[in-house]
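*Asks:* Given next are the chains, with one letter for each unit.
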Amino acid sequence: DSGVTQTPKHLITATGQRVTLRCSPRSGDLSVYWYQQSLDQGLQFLIHYYNGEERAKGNILERFSAQQFPDLHSELNLSSLELGDSALYFCASSVEGTAGYTFGSGTRLTVV
Amino acid sequence: GENVEQHPSTLSVQEGDSAVIKCTYSDSASNYFPWYKQELGKGPQLIIDIRSNVGEKKDQRIAVTLNKTAKHFSLHITETQPEDSAVYFCAARTREVTFGIGTKLQVIP
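Same order as they appear, the protein sequences are chains W and H. Under my numbering, the residues of the first sequence are numbered 1 to 112, in order. Under my numbering, the residues of the second sequence are numbered 1 to 109, in order.
Derived by calculation from the structure, the hints in this document are not laboratory data. Backbone N, C-alpha and C define an ideal beta-carbon position, used for all residues, glycine too. Only true hints are included.
Below, in silico cross-link-like pairs of lysine-lysine (BS3-like), each with a Cα-Cα straight-line distance of 25 angstroms or less:
1. H:37 to H:22
2. H:37 to H:71
3. W:9 to H:37
4. H:42 to W:9
5. H:42 to H:22
6. H:68 to H:57
7. H:104 to W:9
8. H:22 to H:68
9. H:22 to H:58
Derived Cβ-Cβ restraints for the label pairs, each shown as a range:
10. H:108 to W:10: 30 to 38 angstroms
11. H:26 to W:39: 19 to 27 angstroms
12. H:29 to W:95: 15 to 23 angstroms
13. W:7 to H:45: 17 to 25 angstroms
14. H:41 to W:75: 19 to 27 angstroms
15. W:82 to H:7: 28 to 36 angstroms
16. W:96 to H:39: 21 to 29 angstroms
17. H:10 to W:75: 34 to 42 angstroms
Some chain H residues close to chain W (C-beta under 7 angstroms, calculated; not the full set):
18. 34
19. 44
20. 102
The task is simple: from the sequences and hints, build the whole structure.
*Replies:* Here you go:
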């Protein structure tokens, strides 16, 4: 157990739907990062939050959004889902923006 | 932004042999280079890292080297074992971590 908790582990939904992925960071970590992993794209950085504030955006689609709450857990919202959004979504956390990351076990999203 | 290239994409070695994975990065401002191991069905796990002021770091059977001038860094695994079979990612960080595409390592018993 890495200390980073992601729920749900698996999610199957239809095109056009909206889903929310949840991440609880490791105790004491203020930074949360979201990554998308697909077979041909590797690990793609989506967004970084630090202590509730957005710090950086990567290749995140406008249909996707995220937030970090006062208790430091984070949610990634994916809307108007398309088949191509099927992927593993990982959350990682770190003590500060400059340390190594600890990853959760991911949420596997399947859009049908 | 940062671009990290990693090769080979797949690597098969006999148990007991060494494995080497090589990466290059583009942004000279990158100052931290972690390596992750991802086993099937799990998230990436940090196995070793190196900072830009260090040229080499070793942890048991794993070593990393960094050549800042050439913007190259490498992972060396000696005396490979079947449990080393996994996908390995190199990464480089300026603000956020940018990952290489991954190397699938297969250790053949």
